[in-house]
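Using the sequences and the hints given, assemble the complete structure.
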Amino acid sequence: MVSGTQLLDVLLNGLTIGMVYVLVAAGLSVVFGVMGVLNLAHGEFLALGAYFAFSLATGFDAGGFWTALVAVPLLVGALGAVTERQLINRVYGRGQLAQILLTFGLLLILYDLRRVVWGKNPKFYSAPALVDHAITVFGFSYSGYSYFIILTGGLLAVAVWAVLRYTRFGLVIRAGSEDREMVRNLGIEIDRYYTLVFGFGAALAAFGGVVLGGYQNISLEMGNAVIIPAFVIVVLGGLGSFRGAVVGGLLVGLIQSAVGTFVPQIQGVVIFLLMIGVLLVRPSGLFGRSEQGALAARSEPSEFVSGLGGGVLTDRKRSRLGVALLAALALVPVFQGILYSDFVVSVLITVLVWALFALSLDVVLGYSGLISLGHALFYGLGAYATILTLLYVSPSALVAVVVAVAVTALVAWVVGHMAIRVSGVYFVMITLAFAEVVRQTVFELDVTGGSSGLFGAPEPLYGVGPVGIRFSEVLVGVEPLAFTGDALFYYLLLAVVAGVYLGLRRMMRAPFGTVLQAIRESELRARFVGYPVQRVKRRAFVVSSAVAGLSGAMFALHSGYAAPDLLNWINSGNGIIMVVLGGSGTLYGPMLGAAVFTLVQKQLSSILPWWRLLLGTLFVLVVLFLPKGLISLPTRVRELGGRGADGRAGAPDRPEVESDD
Numbered sequence: 014m015v016s017g018t019q020l021l022d023v024l025l026n027g028l029t030i031g032m033v034y035v036l037v038a039a040g041l042s043v044v045f046g047v048m049g050v051l052n053l054a055h056g057e058f059l060a061l062g063a064y065f066a067f068s069l070a071t072g073f074d075a076g077g078f079w080t081a082l083v084a085v086p087l088l089v090g091a092l093g094a095v096t097e098r099q100l101i102n103r104v105y106g107r108g109q110l111a112q113i114l115l116t117f118g119l120l121l122i123l124y125d126l127r128r129v130v131w132g133k134n135p136k137f138y139s140a141p142a143l144v145d146h147a148i149t150v151f152g153f154s155y156s157g158y159s160y161f162i163i164l165t166g167g168l169l170a171v172a173v174w175a176v177l178r179y180t181r182f183g184l185v186i187r188a189g190s191e192d193r194e195m196v197r198n199l200g201i202e203i204d205r206y207y208t209l210v211f212g213f214g215a216a217l218a219a220f221g222g223v224v225l226g227g228y229q230n231i232s233l234e235m236g237n238a239v240i241i242p243a244f245v246i247v248v249l250g251g252l253g254s255f256r257g258a259v260v261g262g263l264l265v266g267l268i269q270s271a272v273g274t275f276v277p278q279i280q281g282v283v284i285f286l287l288m289i290g291v292l293l294v295r296p297s298g299l300f301g302r303s304e305q306g307a308l309a310a311r312s313e314p315s316e317f318v319s320g321l322g323g324g325v326l327t328d329r330k331r332s333r334l335g336v337a338l339l340a341a342l343a344l345v346p347v348f349q350g351i352l353y354s355d356f357v358v359s360v361l362i363t364v365l366v367w368a369l370f371a372l373s374l375d376v377v378l379g380y381s382g383l384i385s386l387g388h389a390l391f392y393g394l395g396a397y398a399t400i401l402t403l404l405y406v407s408p409s410a411l412v413a414v415v416v417a418v419a420v421t422a423l424v425a426w427v428v429g430h431m432a433i434r435v436s437g438v439y440f441v442m443i444t445l446a447f448a449e450v451v452r453q454t455v456f457e458l459d460v461t462g463g464s465s466g467l468f469g470a471p472e473p474l475y476g477v478g479p480v481g482i483r484f485s486e487v488l489v490g491v492e493p494l495a496f497t498g499d500a501l502f503y504y505l506l507l508a509v510v511a512g513v514y515l516g517l518r519r520m521m522r523a524p525f526g527t528v529l530q531a532i533r534e535s536e537l538r539a540r541f542v543g544y545p546v547q548r549v550k551r552r553a554f555v556v557s558s559a560v561a562g563l564s565g566a567m568f569a570l571h572s573g574y575a576a577p578d579l580l581n582w583i584n585s586g587n588g589i590i591m592v593v594l595g596g597s598g599t600l601y602g603p604m605l606g607a608a609v610f611t612l613v614q615k616q617l618s619s620i621l622p623w624w625r626l627l628l629g630t631l632f633v634l635v636v637l638f639l640p641k642g643l644i645s646l647p648t649r650v651r652e653l654g655g656r657g658a659d660g661r662a663g664a665p666d667r668p669e670v671e672s673d674d
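Following this note's numbering, the numbering of the sequence shown begins with 14 at its first residue and continues without gaps.
Heads up, some of the hints might be wrong.
Unchecked claim - Okay, derived cross-link-like pairs now, EDC-like style, lysine to aspartate or glutamate, Cα gap no bigger than 20 Å in a straight line:
hint: 1; residue 1: Lys615; residue 2: Asp204
hint: 2; residue 1: Lys133; residue 2: Asp578
hint: 3; residue 1: Lys133; residue 2: Glu234
hint: 4; residue 1: Lys615; residue 2: Asp578
hint: 5; residue 1: Lys615; residue 2: Glu457
hint: 6; residue 1: Lys136; residue 2: Glu234
In case anyone wonders, no lab produced these hints; they're calculated from the structure.
This is how it looks when you write it as structure tokens:
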């Protein structure tokens, strides 16, 4: 029997965390509504607010918290304004992908900046004594600080609503969210308002970080922990709707509190199932406008995913270079222990696994123009299916890989059947939601090992039929050219990657690939000429996901384990970095990006703990100045050299803001 006290406790807990969600989601939603920017780094502004508040609250004996409550939002808001002015405005008119990529790079930079300044250990500061005590009303005792969060958050939400409703600033913001070009034609410098809006959103998030820091420990992961529920909220309430952010934030907070109290086993999946349902039934959300729905659903080609099929090399030169590279990679195990240690082979195995994953993403991103933040779902699913097969079905590596690819393809068909119905930002969100549903489910199931993952699978047998060998128990070849263990697996993986690349290249040059690229360039035109757009996109999604599952299977065969972190959306983001870093829409470019990403991570992480800062900076520079990836670097250098010889500036002109028409 549920008591009234318990219900009150659930209600107030939900309102407390829900009010923090409101502060985060309101800024995220307003920024998208006015600027059309989906800011993946928004959670980092909340985390910055919490860390700045920690420094002020612990640096002053008295009044530090109250000072932080005023000063920190202003500071972070100013930082957000500078970020928009110097970086975000450079990608206006370059498509949603450019904005998502740039803000993901900012996420990496801000994450490691916090690590450099404050360290990696969790921090804590106490709420001020004025509100840090229990308040008892009619025999019900509850935290005074929670009441403070609910009250101040509510007052701030009302104040923001009043500003948006009754001031000139709010009038321009609302008009800009309806029709930016109309506002521009009236002589209003909307760009200045973009800067203010982005800074305003960052300040709201920072205020939420200040109050949240007094409620719980602050850590490096708190930005990522908050941004996912924030995405759920803006989808539920409606992208671009302040009212939707308020209602959605409170609703999500109450749902999490109630489910966490009464049905904790499903706490992690409920809000994501709700998000999927809203996207399928009413993508514009509870309070979203049809204009904003059209903006979010728009799936336009961009400089990152179009015109890259030929790359910067002719087919003949590319084939020769590929053969030479394959031959060089085949020689790597020959010289291990002579010119370098066995560690080199181990690192290259990691590179090849990620190259396979990047290949899979290039099919949906480079050739289909679909941005998937949930692709790690299939990578992790392939790993889990492989380990479970080895544990309970057969020790055969071949059987495990076949099962893994079949399972991921089947799940991809189900997910794709629903996800392909939406496009643009909605596709980004729904793939993220499906990945989170599976990840949270894996945490709860005993058969998947819960939060610890699966370990202890027998070493796989390699061979066809009942007869097989274990790589650690055999020596293939004749000394000094005899290989065992990782070296044999390396050759197997190299052959798999080469075979998948050749197969995908043949597929993309076939009529299927031609239709796929036509859909990417103009879905409306493809429909008009009679192409089955949904069917082709779904098939591409299944093929891509099966390859991602294969990469997860190869990882599991080598490492011998599968863990929930493999399904983390950050892995999807890392895969997108690899694709764009190398050059999307080329197949070979993403493999180059995977090599650069992995080698930077492996080498720098052992020397510099803040390697993400350097990688994020590199990625931001690529997004801004080298959108076709590293494969276009020689051409880009020649272009800049030619411009310099003519006396013209090498930097590209700032693109104009794209209209909603």
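Now the hints, each set against the structure:
At most 20 Å may separate the alpha-carbon atoms for a hinted pair to count; Lys615 and Asp204 exceed this at roughly 41 Å. Distance hint between Lys133 and Asp578 is fulfilled; the C-alpha atoms sit about 19 Å from each other, no more than 20 Å. Between Lys133 and Glu234 the alpha-carbon distance is near 10 Å, which keeps this suggested pair within the 20 Å criterion. This hinted pair checks out: Lys615 and Asp578 have alpha carbons roughly 18 Å apart, not beyond 20 Å.
Distance hint between Lys615 and Glu457 is unfulfilled; the C-alpha atoms sit about 31 Å from each other, more than 20 Å. For a cut-off of 20 Å, the pair hint linking Lys136 to Glu234 stands: about 12 Å separates their Cα positions.
In the structure shown, a violation is registered for the earlier hints numbered 1 and 5, in ascending order.
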